[in-house]
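Student: The listed protein sequences correspond, in order, to chains A and B. Just so we're aligned: 217 in the working numbering is position 217 of the first sequence, and the numbers increase by one with no gaps anywhere. Just so we're aligned: 309 in the working numbering is position 309 of the second sequence, and the numbers increase by one with no gaps anywhere.
Where hints are given, some of them may not hold.
Each pair may be met inside one copy or between any two copies, as identical chains are not told apart.
Said to hold, decoys possible - Pairs of lysine-lysine residues, derived as DSSO-like cross-links and limited to a Cα-Cα distance of at most 30 Å, are as follows:
1) Lys191 / Lys13
2) Lys333 / Lys31
3) Lys50 / Lys398
4) Lys398 / Lys194
5) Lys17 / Lys194
6) Lys13 / Lys58
7) Lys13 / Lys333
8) Lys398 / Lys100
9) Lys100 / Lys42
10) Lys333 / Lys17
11) Lys166 / Lys333
12) Lys398 / Lys110
Simulated from the structure, these hints should not be mistaken for laboratory data.
2 protein chains.
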Amino acid sequence: MSELILKGELAKKASYKLSNLSSAAKNEGLKKIAEALVKKEKEIIGANAKDVESARAKGVTGALLDRLTLNSKRIASMSEGLMQIISLPDPVGEVISMWKRPNGLQIGQKRVPLGVIGIIYEARPNVTVDAAGLCIKAGNAVVLRGGSEAINSNKTIVGIIGEALKEAAFPEGAVQLVEDTSRETAVEMMKLNKYIDVLIPRGGAGLIQSVVQNSTIPVIETGVGNCHVYVDRESDLDMAEKIIINAKTSRPGVCNAAETLLVDEAIAQAFIPRALKALSDLKVEIRGCEKTRDLFMGAKVAVEEDWYKEYLDYILAVKVVSGIDEAIEHINKYGSKHSEAIVTTSYSKSQRFLQEIDAAAVYVNASTRFTDGFEFGFGAEIGISTQKLHARGPMGLKELTSIKYIVYGEGQIR
Amino acid sequence: MSELILKGELAKKASYKLSNLSSAAKNEGLKKIAEALVKKEKEIIGANAKDVESARAKGVTGALLDRLTLNSKRIASMSEGLMQIISLPDPVGEVISMWKRPNGLQIGQKRVPLGVIGIIYEARPNVTVDAAGLCIKAGNAVVLRGGSEAINSNKTIVGIIGEALKEAAFPEGAVQLVEDTSRETAVEMMKLNKYIDVLIPRGGAGLIQSVVQNSTIPVIETGVGNCHVYVDRESDLDMAEKIIINAKTSRPGVCNAAETLLVDEAIAQAFIPRALKALSDLKVEIRGCEKTRDLFMGAKVAVEEDWYKEYLDYILAVKVVSGIDEAIEHINKYGSKHSEAIVTTSYSKSQRFLQEIDAAAVYVNASTRFTDGFEFGFGAEIGISTQKLHARGPMGLKELTSIKYIVYGEGQIR
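Sequences and hints are given; from them, build the entire structure.
Tutor: Rendered as C-alpha cells:
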C-alpha cells in the first residue's frame, strides 16, 4: 500500500479518538508541543539549514528565502502561537440549538470535528505548526503536505510534534506529514476521499487552482485577494488617502492588501493628484486608466489584465469611475470576492455597497487590511476563505468543525 | 459560445439582482409560479405524456415510470409545495451576530444567497419545481440539468416558471434549464466555476459519484443512506421491533430507510426470531450473519458486500454483534454517515452512541425515517447532505445561503 493510504487510514482511526478528547486533554497535547519546539530548537534550526542551503543552491533569494528560514525568534513565535490556541474556547461539543417536535422528538444540532483535514501548502514551515495546532484543537486529525523546499524542516517539526503528542497519550497518526513531495503524490492525496474529509490549500494562486482542479475531496478555497478601495464623491479625502495608503503599503505581499483604487469622477481632480503623489513617494508604481493619467503624470498605462491582477507588490491599478454604480459593477466583475472597501459619508451609498458587493468582507470607511482572524477577534486562522460554501472570510476554530443532529426519542416511528 | 456559458452568464447576472429582492417580491414570484402550474396543467400533462411514451418504448416500467408520470394531483401538490415555501421565513439578510472590536470597528456576519446553484438530477420532474422554489426563496439563481427522460416535461415546466417570473418582474435567467441532456454537457457544467457557485446532485449513487469525481465546482453530496438500527442488550424489545419495522418497511426506497439491523448477542435469542419473523411476514428478505441464520432459518447468507449496501428495497442485512463497541465500529466502518439509531434503556450507552457515531443524524429510541426537512421542522428540503462541509443532514433554506462580513468603520487603518 502507498504511504498515503497507510497515513490516511491511520489518520481516520485517530480522528475518531480525537473527536472524543476533552478540551483539557487537547490543550495538554498542544502545551507539550509548544514546550518541545523550544527545547529542540537546535534540531529544528539544523534541519532548516539544509533546506535553506539547497534553496540557495537553486538560486532562491529575497522574500522566498526569508520565509523559509527559521531562527530562535521564529521558533519561539510558533510556540507562542500554540499557547494562544490553547487559550481559545473549544468549539467542539457545543449544542448550537435544540428543539422539540410535536411528536416529542428532541432534535439538537451539535458541533463536531470535521474528521481528517488535509493541508497542502508551500514553503513556510511555520504553517506546519499553526495548521497542526488549529486542527488538533478542533478535534481533527491532520495530514500535512508541505513543499519539497521545506521537507527537512517539516520532517523534524512533525517528528517533534509526534513525540510530544505521544507523551500526552494522543492517538497515533493525529498529525502526519506526507514525506513524498512529488506532484503525483499530491494529486493522489487530492483523491483520497475515503480518508480525508476536507482539503485546505494554502499558498499562491497556482497551488490553489491546481487543488481546485484536481481534488475530488471537498476543498476550501483560500487566499487570492484582488481587493479594491472605492473613494466616493461624498467622502473625507484625508480619510480616503490614509485608507488607500494603509491598504496598499502596510504589507503589500498579503491577500488583504488593496490592488486597485477606484475614484469617483466628481472628486478625481481633487483626490488623484494628492493620493497618487503620496503613494508614489512610498515607492508604489501606479498603473492608471486614461483619466487617471491625465491627472497624474507619473502613472503607467493600465491594460485590461491589470484590473484582474493580485500584484502582491508595490503596484496599484487606478481607475476613475462615473460613480457608485460603475464601482460596484467593476468590483463584482474583476474582484476575487475577498475584501472590498468604500470611503463615503453617504448613508445610502454605504448601505448599497454593503448590500451589493459580493465579497467575504465588505468595509465602510476602513482599510481592507483588517480581514484577518486576529483582527476579527477569532484569535487565529487557518486561512481566509474566498468561496461561499461552508466558510467565508477568516476561518477560525469554528470553521474547522461540522455539525451533527442528535435526536432523543421514546420509541417514535413515522 | 455554448448554451451553457450563455446560461451561466445570464444566471450570474440574475443572481446579483435576486440577492437584492425583498421577501415580498420573492414570494410574489413563487405565487405566480404556483398559480401558473395549476392553470397550465394540460400543457404540462401533454408534454409529460411524450416523456412517458418514450420511456415506455425504452422498456421503462414500475417505480421508475411512476416517478416520471405527472397528473393533476401531482401538479397540484407541486403547486402546494411552492405555497409552503412562501410561508417559510426568508433567511437572507439576517445578521447572525455583530460585535465591536477594541479599535471601534463593528463587524457583523450577515446571511446572503450562495449566488448561482446548479442542480443535476434524475427523472422526477417535480424536482424541477421544488428546487427552483427553494433556490429562489433563498435569493439564488438556479441552473437545472434534469435527465433526458423528463426533458419535455422539464422544458414545459421551466417555460411556465420563466413566464410567471417575468410577470413578477424577476430578472431574466433566474431559473434556467440545460436543454442539452448529453453527458458531455453535464461534465462541462460541472466545470463552470466562473458562473456556478455550488452544485447539488440529486439522484442515485452513480449520479452523485459522477458529480463528485468530475466537478471542480464545490459540491454538496446528498442522499446515499446505508442506515443502521442497533438493538442493545438493555432495551425494550417491543419498541425495538416497532422501530426496525418502521425504519425498514415504511418506505424502503428512500435514503433514510434502514438497511442493516445490528443485534446485541445477549438478546439475540430473544429478539432475532420474533423480529425477523415479523419482518418476513412483511415480505422483507433477510440476509444474515452465521449467528443470525442459526436463530432464524429463513435468512439468506450475508456476504461482506451486504454490509456496505443501500438496498432501497425489501431486503435487510442482519448481524449479531458482541455489544455496543462492535456496533459503533461496524457502523463507522460500513455506514454512509446518514442516519443511525440505537435502541437502549441505558443512559451511558445512549450517550456513547450519540457521541461516537459519525453520521448526519444519530437517534436514540426512534426510527431513522425522521431524517427529513419536514420532520425536522425546516419546512422543506433540497436534499440530505452526507458530507461534513457546509451542510450536514436535511438542507433547508438556510443551507442555501452563505455569509458575508459587513464592517462599519470610521477611518480605521491597521
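Student: At 30 Å max between alpha carbons, let me know whether Lys398 reaches Lys194 within a copy, between copies, both or neither.
Tutor: both (23 Å within a copy, 28 Å between copies)
Student: When no copy is named, should Lys333 and Lys31 be tagged within, between, both, or neither for a Cα gap of at most 30 Å?
Tutor: neither (46 Å within a copy, 32 Å between copies)
Student: Can you tell me if Lys13 and Lys58 fall within 30 Å by alpha carbon in one copy, between copies, both or neither?
Tutor: Neither way: Lys13 and Lys58 sit 40 Å apart in one copy and 47 Å across, limit 30 Å.
Student: Is the C-alpha distance from Lys191 to Lys13 at most 30 Å within one copy, between copies, in both cases, or in neither?
Tutor: within (18 Å within a copy, 33 Å between copies)
Student: Within a copy, between copies, both or neither: which one fits Lys17 and Lys194 at a CA-CA cutoff of 30 Å?
Tutor: within (17 Å within a copy, 40 Å between copies)
Student: First find the shortest C-alpha distance between Lys398 and Lys100 inside one copy, then the shortest across copies, and answer within, between, both or neither for a cut-off of 30 Å.
Tutor: both (25 Å within a copy, 19 Å between copies)
Student: Have a look at Lys50 and Lys398 and pick one of within, between, both or neither, based on CA distance no larger than 30 Å.
Tutor: neither (37 Å within a copy, 51 Å between copies)
Student: Pop the pair Lys398 and Lys110 into one bin, within, between, both or neither, using alpha-carbon distances up to 30 Å.
Tutor: Answer is both; intra-copy 12 Å and inter-copy 16 Å each pass.
Student: 30 Å Cα cut-off: does Lys166 pair with Lys333 within a copy, between copies, both or neither?
Tutor: between (50 Å within a copy, 25 Å between copies)
Student: Have a look at Lys13 and Lys333 and pick one of within, between, both or neither, based on CA distance no larger than 30 Å.
Tutor: between (44 Å within a copy, 10 Å between copies)
Student: Classify it for me, Lys333 with Lys17: is the Cα-Cα distance of at most 30 Å met within a copy, between copies, both or neither?
Tutor: For Lys333 and Lys17, the Cα distance is within 30 Å only across copies (14 Å; inside one copy 46 Å).
Student: State whether the alpha carbon distance between Lys100 and Lys42 is at most 30 Å within one copy, between copies, both, or neither.
Tutor: neither (58 Å within a copy, 42 Å between copies)
Of the hints listed earlier, those the structure fails to meet are numbers 2, 3, 6 and 9, in rising order.
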